[in-house]
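Chemist: Here is how the chains run, residue by residue.
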Amino acid sequence: MVKSIEVKNLTHVYSAGTPFETTALSDISFSVEKGEFVGIIGHTGSGKSTLIQHFNGLKKPTSGTVMIEGEDVWANPRDVKKFRFRAGMVFQYPEYQLFEETVFLDIAFGPKNMGLKQSEIEERVLEAVEFVGLSPDILEKSPFDLSGGQKRRAAIAGVIAMRPGILILDEPTAGLDPRGRDDILLHISEYHKKMNATVLLVTHSMEDIAKTVNRITVLSRGKILTDGTPKEVFSEPELLKSAGLSVPQVTRVFLRLRELGAPVDTTVYTVEQAVKQLSALRGGKV
Amino acid sequence: MREIIKTEQLRFSYQSPETVLALKDLSITIPEGQFVAVLGHNGSGKSTLAKHMNAILLPSGGACYIAGMDTRDKSLIYDIRRTAGMVFQNPDNQIVATVVEEDVAFAPENMGLPQKEIRRRVDEALLSVGMQDYKQSAPYHLSGGQKQRVAIAGVIAMRPRCIILDEPTAMLDPIGRDEILSTIKSLNKNHGITIILITHNMNEAAEADRILVLSKGSLLIDGTPKEVFENVETMKSAGLSVPQTVELLYELKKLGCPVSLDGLRVNECADILYRFLEA
Amino acid sequence: MLQDITLGQYFPGSTLIHRLDPRVKLVAAFLYIVALFSAQGPVAYGLCLLWLVLVTSVSKVHIRLMLKGLKPLLFIIIFTAVLNVFYTPGRIIYEFYFLHITYEGIALAFYMVVRIILLITGTSLLTYTTSPIMLTDGIELLLNPLKKIKVPVHELSMMMTIALRFIPTLIEETEKIMNAQKARGADFESGRLIRRIKALSPVLIPLFVSAFRRADELAVAMECRLYRGGEGRTRLKELSLTRADYYSLAFCLVFTALAILSGKIF
Chain A
1 MVKSIEVKNL THVYSAGTPF ETTALSDISF SVEKGEFVGI IGHTGSGKST
51 LIQHFNGLKK PTSGTVMIEG EDVWANPRDV KKFRFRAGMV FQYPEYQLFE
101 ETVFLDIAFG PKNMGLKQSE IEERVLEAVE FVGLSPDILE KSPFDLSGGQ
151 KRRAAIAGVI AMRPGILILD EPTAGLDPRG RDDILLHISE YHKKMNATVL
201 LVTHSMEDIA KTVNRITVLS RGKILTDGTP KEVFSEPELL KSAGLSVPQV
251 TRVFLRLREL GAPVDTTVYT VEQAVKQLSA LRGGKV
Chain B
1 MREIIKTEQL RFSYQSPETV LALKDLSITI PEGQFVAVLG HNGSGKSTLA
51 KHMNAILLPS GGACYIAGMD TRDKSLIYDI RRTAGMVFQN PDNQIVATVV
101 EEDVAFAPEN MGLPQKEIRR RVDEALLSVG MQDYKQSAPY HLSGGQKQRV
151 AIAGVIAMRP RCIILDEPTA MLDPIGRDEI LSTIKSLNKN HGITIILITH
201 NMNEAAEADR ILVLSKGSLL IDGTPKEVFE NVETMKSAGL SVPQTVELLY
251 ELKKLGCPVS LDGLRVNECA DILYRFLEA
Chain C
1 MLQDITLGQY FPGSTLIHRL DPRVKLVAAF LYIVALFSAQ GPVAYGLCLL
51 WLVLVTSVSK VHIRLMLKGL KPLLFIIIFT AVLNVFYTPG RIIYEFYFLH
101 ITYEGIALAF YMVVRIILLI TGTSLLTYTT SPIMLTDGIE LLLNPLKKIK
151 VPVHELSMMM TIALRFIPTL IEETEKIMNA QKARGADFES GRLIRRIKAL
201 SPVLIPLFVS AFRRADELAV AMECRLYRGG EGRTRLKELS LTRADYYSLA
251 FCLVFTALAI LSGKIF
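Chains as they are written, first to last, in my numbering: chain A, 1 to 286; chain B, 1 to 279; chain C, 1 to 266.
Calculated directly from the structure, the hints in this document are not laboratory data.
Backbone N, C-alpha and C define an ideal beta-carbon position, used for all residues, glycine too.
There could be a bad hint or two in this list.
List of simulated lysine to aspartate or glutamate pairs, EDC-like, C-alpha gap at most 20 Å [stated by the list, open to error]:
1. A:K60 to C:D187
2. A:K211 to B:E251
3. B:K236 to A:D183
4. B:K236 to A:E272
5. C:K198 to A:E100
6. A:K112 to C:E189
7. C:K176 to A:E100
8. C:K237 to B:E117
9. B:K116 to C:E238
10. A:K112 to C:D187
11. B:K51 to C:E223
12. B:K253 to A:E272
13. A:K82 to C:D187
14. A:K276 to B:E251
15. A:K3 to A:D227
16. B:K74 to C:E231
17. A:K81 to C:E175
18. C:K237 to B:D123
19. C:K237 to B:D133
20. C:K71 to A:E21
Residues from chain B that keep clear of chain C, each with C-beta distances beyond 10 Å, as calculated [as the list claims (entries may be wrong)]:
21. S60
22. A67
23. L127
24. Q132
25. K216
26. D222
27. K226
28. D262
29. N267
All chains, please: the whole structure from these sequences, using the hints.
Modeler: What follows is the structure in structure tokens.
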């Protein structure tokens with residue numbers, strides 16, 4: 001089957017040839033299968049933003065290739081725009097990009113740029129609004145009259161309305177309260193399941209990532225530090241620490257339990273798993 | 001201990017016929033030297049409360065006192081703001097100058113202090129947030145955490161007795177968050193400055209001496225982190241969460257395990273679980 | 001693209017030029033411009049160039065940086081040159097229908113280009129070596145006499161300081177918003193001029209909204225830090241003239257006089 005994303009020997013250098021030259025990505029090879037839900041983590045400056053902007057052709061590789069759904073993004077530079085619709089990208093604080101008179105028009109901006117028919121646009125806007133859990137009543141409102149959380153959802157709907165096969169989100173939960181965070185993650189998971197979409201989630205929150213994704217890629221200084229299932233990645237707390245990251249709190253509790261001499265398996269990363277394991281250790285009778 | 005902040009039946013509404021109240025008859029007292037975290041969902045009134053502590057907003061009803069000064073008294077406004085400094089969420093929107101030390105000097109300059117005194121305060125403030133090596137840097141080139149520390153230094157230079165931080169870590173990465181949290185703790189422990197930290201992050205709040213939980217403009221829970229987080233159901237119904245440590249203990253307890261919920265820190269939680277496994 | 005704009009940026013340093021009183025630097029820049037615009041003949045331009053080279057080498061500003069500042073203005077420079085070459089009457093060297101290239105035209109174009117280059121590099125040297133706060137402080141002090149006729153000198157200089165402070169922030173923001181809209185298929189590069197201008201509204205509207213939000217937050221933050229206008233404000237760095245300042249000023253005056261006189265003599 002064709003891979004959703006396939007990156008080969010990708011290097012990206014900023015301000016090449018000036019004193020400010022910096023290598024943001026060096027020789028990265030990485031691929032994502034169709035339908036995967038991948039978390040990308042790394043501290044600020046690790047190259048994650050640069051990496052994801054290669055997937056929709058916003059950034060051009062200094063060297064190496066980026067294939068999206070089997071096609072080389074830069075094979076024909078005039079055609080780059082079509083990848084914007086295949087790999088939909090939600091930037092950090094997307095609510096700051098709202099600009100239209102009504103929420104409807106704003107969400108319709110992407111589909112309109114795709115050159116779709118009006119009826120198709122309307123259908124997609126309604127679908128997108130439902131995906132992010134907004135009521136259709138707000139479609140005729142000005143986006144500037146919405147609450148903070150609603151604005152965030154409307155902005156995400158603007159990308160979902162393009163029905164991208166690959167959905168990339170950069171810190172979609174930043175600045176939200178715990179309920180708002182859980183809500184957004186739930187809606188993203190729904191899109192992932194219902195559309196069989198490939199989803200890439202860039203975040204700082206280990207707890208968020210542990211709850212949602214089935215694979216984690218860790219970037220550090222422009223390279224991939226480690227890549228695997230959450231279980232595999234969180235079983236290397238020292239490695240994560242070296243990249244300025246940490247494992248979920250519940251994993252740390254289990255690491256401490258092991259130190260104390262309890263016969264626990266330290267590869268847990270959600271509360272659910274922890275409860276299961278502890279009750280099993282007590283012979284299932286708790 | 002002396003009280004530094006006191007609100008009496010504090011009420012506030014953003015609209016003039018008071019249809020929706022952002023704060024509903026809130027009465028709280030904060031003694032000097034305490035590190036208080038304020039939690040609440042979006043729209044719970046946290047920021048509104050913070051803005052009252054600095055006389056940015058004035059009560060629609062009731063009163064708010066800072067070190068005994070009534071915020072409604074216009075003649076006291078500068079003394080109030082000098083006593084209770086304010087740090088905001090976005091460091092970019094509170095840094096005025098293009099060089100770090102000139103920004104930190106902004107408040108002392110406004111106070112009309114002599115040049116030598118300004119110099120002393122700037123150096124001292126930068127040292128207390130660990131930014132002394134960046135005196136001459138342009139804020140634009142600093143990381144988020146560093147910028148936010150400069151913003152804190154800019155407030156410290158007024159020598160306030162209290163600092164109110166309105167979601168200072170919301171826009172930062174985990175490293176920046178840790179920087180700010182340890183800066184806040186050191187200001188509290190080493191300089192005796194009262195800290196009011198407004199946050200969405202439960203693990204940050206767990207570091208405080210006391211947590212106030214707001215919901216729909218009212219005080220829902222008030223207590224030490226351990227006391228507050230034991231109310232798992234109440235916290236969740238207020239749109240909040242609890243640290244994973246407490247959540248784990250809570251889930252076990254729900255299954256009938258004899259564990260207490262006061263294992264907030266990783267080590268405490270592990271100890272409780274260890275005893276439970278041994279038993 | 002947008003990061004290429006170096007005009008108005010400050011590059012910290014501790015050379016003599018960096019340490020000079022901003023008032024002196026402002027007056028010097030003014031004298032330099034006077035010299036440049038009254039310059040006639042190669043000797044006068046040579047003197048201005050010498051002046052610039054001297055100051056640049058003392059300030060240790062990298063030559064590449066000086067040239068980089070010219071890049072965004074390249075179009076204006078070429079445009080001026082072409083205009084001058086073709087539209088100056090005089091001894092004709094080459095004719096092509098209605099276009100004539102004259103000896104005077106070439107000479108004038110050459111001098112105009114030299115003048116613009118010297119002007120831009122010279123004045124950008126001022127901002128490269130002077131922190132914006134110092135610069136606005138200098139302007140405020142120089143304009144202080146105008147306070148008597150009710151010109152809000154302090155407010156104007158504070159506005160300038162803040163504008164300078166927010167230039168990089170807003171440039172970064174513009175790029176972010178452009179990228180976000182591009183990700184939704186917005187097209188800023190193709191189409192006719194009108195279409196391109198229309199295509200900018202998805203960028204300009206959010207940019208304005210954000211600029212107002214920032215302005216609002218900044219105003220509150222400034223009030224929280226006890227700002228109440230220029231009245232009673234003191235300074236971390238009170239400006240005071242040193243011997244180096246007086247010498248530099250004298251040096252600039254001599255150079256200006258020489259540059260003006262040289263045109264008359266030679």
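Chemist: Hint by hint, say whether it matches the structure.
Modeler: Comparing the hints with the structure gives:
no., hint, result
1, A:K60 to C:D187, "17 Å, holds"
2, A:K211 to B:E251, "16 Å, holds"
3, B:K236 to A:D183, "13 Å, holds"
4, B:K236 to A:E272, "17 Å, holds"
5, C:K198 to A:E100, "13 Å, holds"
6, A:K112 to C:E189, "17 Å, holds"
7, C:K176 to A:E100, "18 Å, holds"
8, C:K237 to B:E117, "12 Å, holds"
9, B:K116 to C:E238, "10 Å, holds"
10, A:K112 to C:D187, "12 Å, holds"
11, B:K51 to C:E223, "12 Å, holds"
12, B:K253 to A:E272, "13 Å, holds"
13, A:K82 to C:D187, "12 Å, holds"
14, A:K276 to B:E251, "10 Å, holds"
15, A:K3 to A:D227, "17 Å, holds"
16, B:K74 to C:E231, "18 Å, holds"
17, A:K81 to C:E175, "17 Å, holds"
18, C:K237 to B:D123, "14 Å, holds"
19, C:K237 to B:D133, "19 Å, holds"
20, C:K71 to A:E21, "18 Å, holds"
21, S60, "19 Å, holds"
22, A67, "16 Å, holds"
23, L127, "16 Å, holds"
24, Q132, "15 Å, holds"
25, K216, "25 Å, holds"
26, D222, "26 Å, holds"
27, K226, "33 Å, holds"
28, D262, "38 Å, holds"
29, N267, "39 Å, holds"
Violated hints for the displayed structure: none, as all numbered hints are satisfied.
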